[in-house]
Amino acid sequence: MSINKNQKFLLTGNEASAEAAIQAGCRFYYGYPITPQNEIMTHMALRMPEVGGTFIQVESELAAIYMVYGSAAAGGRTMTSSSSPGISLKQEGISYLAGSELPCVIINMQRGGPGLGDISPAQSDYFQAVKGGGHGDYHTIVLAPSSVQEAADLVFDAFDLADCYRNPVMILGDAQLGQMMEPVVFCKKQKTDLSAKTWALTGARGRKRNIIKSFYPVKGELEVFNIKLQKKYHEIEAEEVRYEEIDTRNADIVIVAYGTSARICREVLKDAKKQSLKIGMIRPITLWPFPSHCIARVAERVQSILTVEMSAGQMVEDVRLAVNGKCPVHFYGRTGGGIPSPKEILHKINELIQVKEKVTCVTS
Amino acid sequence: MELTYSKPKTLIDTPTHYCPGCGHGIVHRLIAEIIDDLDIREKTIGLAPVGCAVLAYNYLDIDMCEAAHGRPPAVATGIKRVHPDNIVFSYQGDGDLAAIGTAEIIHTANRGENITVIFVNNAVYGMTNGQMAPTTLLNQRTLTTPKGRNEKIDGYPLRMCEILSIIDGSRFIARTSITSPANIKKTKQLIQKGFQTQIEKRGFSLIEVLSTCPVYWHMTPCESMKYIDEQMTKTFPLGVFKDWENENQF
Amino acid sequence: MTEKVILAGLGGQGMMLLGRLIAQAVMLEGKNVTFFPSYGTEVRGGTAYYHLIVSQEEIFSPVIEEADTLIMMNLPSYLKFKGFLKPNSSLFLNSSMIDKIDAPENIDIFRIPATEIANDLGNVVASNMVMLGAYNAVKKLISIPTFLSCLQKVLQGKKAPFFKVNKLAVERGIDFINLSKG
Numbered sequence: 000m001s002i003n004k005n006q007k008f009l010l011t012g013n014e015a016s017a018e019a020a021i022q023a024g025c026r027f028y029y030g031y032p033i034t035p036q037n038e039i040m041t042h043m044a045l046r047m048p049e050v051g052g053t054f055i056q057v058e059s060e061l062a063a064i065y066m067v068y069g070s071a072a073a074g075g076r077t078m079t080s081s082s083s084p085g086i087s088l089k090q091e092g093i094s095y096l097a098g099s100e101l102p103c104v105i106i107n108m109q110r111g112g113p114g115l116g117d118i119s120p121a122q123s124d125y126f127q128a129v130k131g132g133g134h135g136d137y138h139t140i141v142l143a144p145s146s147v148q149e150a151a152d153l154v155f156d157a158f159d160l161a162d163c164y165r166n167p168v169m170i171l172g173d174a175q176l177g178q179m180m181e182p183v184v185f186c187k188k189q190k191t192d193l194s195a196k197t198w199a200l201t202g203a204r205g206r207k208r209n210i211i212k213s214f215y216p217v218k219g220e221l222e223v224f225n226i227k228l229q230k231k232y233h234e235i236e237a238e239e240v241r242y243e244e245i246d247t248r249n250a251d252i253v254i255v256a257y258g259t260s261a262r263i264c265r266e267v268l269k270d271a272k273k274q275s276l277k278i279g280m281i282r283p284i285t286l287w288p289f290p291s292h293c294i295a296r297v298a299e300r301v302q303s304i305l306t307v308e309m310s311a312g313q314m315v316e317d318v319r320l321a322v323n324g325k326c327p328v329h330f331y332g333r334t335g336g337g338i339p340s341p342k343e344i345l346h347k348i349n350e351l352i353q354v355k356e357k358v359t360c361v362t363s
Numbered sequence: 000m001e002l003t004y005s006k007p008k009t010l011i012d013t014p015t016h017y018c019p020g021c022g023h024g025i026v027h028r029l030i031a032e033i034i035d036d037l038d039i040r041e042k043t044i045g046l047a048p049v050g051c052a053v054l055a056y057n058y059l060d061i062d063m064c065e066a067a068h069g070r071p072p073a074v075a076t077g078i079k080r081v082h083p084d085n086i087v088f089s090y091q092g093d094g095d096l097a098a099i100g101t102a103e104i105i106h107t108a109n110r111g112e113n114i115t116v117i118f119v120n121n122a123v124y125g126m127t128n129g130q131m132a133p134t135t136l137l138n139q140r141t142l143t144t145p146k147g148r149n150e151k152i153d154g155y156p157l158r159m160c161e162i163l164s165i166i167d168g169s170r171f172i173a174r175t176s177i178t179s180p181a182n183i184k185k186t187k188q189l190i191q192k193g194f195q196t197q198i199e200k201r202g203f204s205l206i207e208v209l210s211t212c213p214v215y216w217h218m219t220p221c222e223s224m225k226y227i228d229e230q231m232t233k234t235f236p237l238g239v240f241k242d243w244e245n246e247n248q249f
Numbered sequence: 000m001t002e003k004v005i006l007a008g009l010g011g012q013g014m015m016l017l018g019r020l021i022a023q024a025v026m027l028e029g030k031n032v033t034f035f036p037s038y039g040t041e042v043r044g045g046t047a048y049y050h051l052i053v054s055q056e057e058i059f060s061p062v063i064e065e066a067d068t069l070i071m072m073n074l075p076s077y078l079k080f081k082g083f084l085k086p087n088s089s090l091f092l093n094s095s096m097i098d099k100i101d102a103p104e105n106i107d108i109f110r111i112p113a114t115e116i117a118n119d120l121g122n123v124v125a126s127n128m129v130m131l132g133a134y135n136a137v138k139k140l141i142s143i144p145t146f147l148s149c150l151q152k153v154l155q156g157k158k159a160p161f162f163k164v165n166k167l168a169v170e171r172g173i174d175f176i177n178l179s180k181g
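Residue numbers (numbering that gives the first Met the number 0), protein chains in the order written: chain C, 0 to 363; chain V, 0 to 249; chain F, 0 to 181.
These aren't lab readings, by the way, just hints derived from the structure by calculation.
Quick caveat, the model's predicted, so the values are computed rather than measured.
All C-beta atoms in this analysis are idealised placements derived from N, C-alpha and C, irrespective of residue type, glycine included.
Be aware that one or more of the hints could be misleading.
[What the hints assert, rightly or not] Cβ-to-Cβ under 10 Å is the rule here; a few derived chain C residues that face chain F: (1) Leu9; (2) Pro35; (3) Gly177; (4) Glu181; (5) Lys269; (6) Pro341.
Same shape as in the complex, but just chain C:
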């Protein structure tokens, strides 16, 4: 596959993510097959040999994340991908990566759960991704693309963020994003001003030895390390929050939704306009760090906020924390692989407006 700048490709979200990783300089990919993200692996199997990189179909998700750990420790740009059940298996490794401050990218094209669930799109791994599915006080940076183009763009950013902060970065997509095809242009480039990985394992030639570890058995050392980690997380929270804000200025109700749900909600915004409803939307692009400030600001002036998710209600907890009682926060979600339709969401909005009117009548 030869790539010209500005050339348009029709690709699935999976293929676009994989190709973007290659172009962002990822040369070490380790994965295990699972639907609905198999096209990432297939693309890597084809492309890695072409660019002199490593592709291994690994014996398990567990081994895959630890190969990522090894390649990251050795200073390589490295990635793994999976879907929900496989990502659960990787959680131990993600905790170790965070604990050893190793940069890497993990893609989760979410499917329905719990357990084996099904292969339909879902957003029910939000807690796992954002709150740290592994053990310990850690965070992964979590990016949530909502189109194939953004899936490609955010992969570039993910590698740069990972290297910049020495931290694992997760791309949280879903089956729909992974499977759908859209035109995509690979216009981004790997950042060139990142500092050299002097901490990496290369053999201690002409320098003091490097050690990559997350074990601090001497009393007090672990706390010191954790305080350092938290400082880094605060810096990320201050610098890296990303979101899209649409029509919130005069909105009565603002929707908060990410990824595939956000795309569906854009349709709702269009339909709501036709009904002269003033609906806006905040689309978090980073799920951690979460755009709490933006939501808090908007909460000051709207009647209510509606969080829409393909889950039983996970991100809504962070929305409520951000709103902190300034306005009512409602939730509409479908779970177990269900995808909310624009009609259903609009119906919910109309319900909220009617309730509001009723309340106004009673009080007046």
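Use these hints to put chains V and F onto chain C, whose structure you have.
Chains V and F alone, transformed into the frame defined by chain C:
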């Protein structure tokens, strides 16, 4: 005057945390000597396991990486793929390699990954106070086999060298012990052969070292050495199970 | 202009390829497009279905709730998706495999014996291309030369000899509509 014996350069001059009579110190020293002899200190990357040797990086003056329990072969693979010309070895105990990490060791061998594994088998989980290991002998008493290992309940001791030697991807597989100067010398030769296998890019090598745990065997260090010679080697016979120099041997 | 098409057929009837080629062609013509395939365990047999949306405007949800067009290759597909038809939408049926249906009202129905036509051309697999020709003769969504150049790119190497029959199948589909109009 000629200097005939000294601390290897690669071994850091510090007291270890190992118990009296523990075999890890001997194996560490052998590795340090080999790294010095082969002059590869500046290109070697070691993997420390979870288990008693978790702090191995405090004793070996080389680039080192910690891995989660059972995962050193996967981490070593990830490192080796980035730096194919460096020397990468993992140091693993019996729980790490033969219980929680069985899948990793088998598949790493099967891919013919060009790394060296030092497998220290002392038939017990030391770090967690002496539970049964996958290599615990039948009738051997541990915290979790208080009446002795019973094959009907606990299964049999796993012979990893025998398993790994039938895998096409493995190139050098040997079992040795540290019970006498002669055996220690032999162990050094075999580990060196493992490193040589890697340097020559011949593929996967593993050296299993039968080692002592006097504390959880409830023996003196001397009795422990005897126990290896008289009991352990019955289940775990010493020898070279696979050698690229003599492929027909097995 | 927005056109929402659901394509469905038996796994193996070539709906995936057809949908992808249409999407590629409209992309090259500068339109926005989303193509959302069903995925999973149906490789051969079973109903495979695809949501294709083409628009001058930005496309939000790639999932179709009300279709402008259904292209249905067999009866189970039609039964599964007939509820997606909105008033005045178009229904293209492979009449070789869907004979009798309770025709819905206010729908333009086009019955194309696509399997028979493809069979007559000596390649039953080209029935998808017959449907494309017929669909485009009515809807004029894509330029046929662009579509054929996309097809040619897919049919390379060992598959190159199949281009001719596929091209012919597209033409037969176009002819079928034009002749039945006349």
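Against the structure, the hints come out as follows:
{"no.": "1", "hint": "Leu9", "in the structure": "5 Å, holds"}
{"no.": "2", "hint": "Pro35", "in the structure": "6 Å, holds"}
{"no.": "3", "hint": "Gly177", "in the structure": "9 Å, holds"}
{"no.": "4", "hint": "Glu181", "in the structure": "5 Å, holds"}
{"no.": "5", "hint": "Lys269", "in the structure": "7 Å, holds"}
{"no.": "6", "hint": "Pro341", "in the structure": "6 Å, holds"}
Violated hints are absent here; each numbered hint is respected by the structure.
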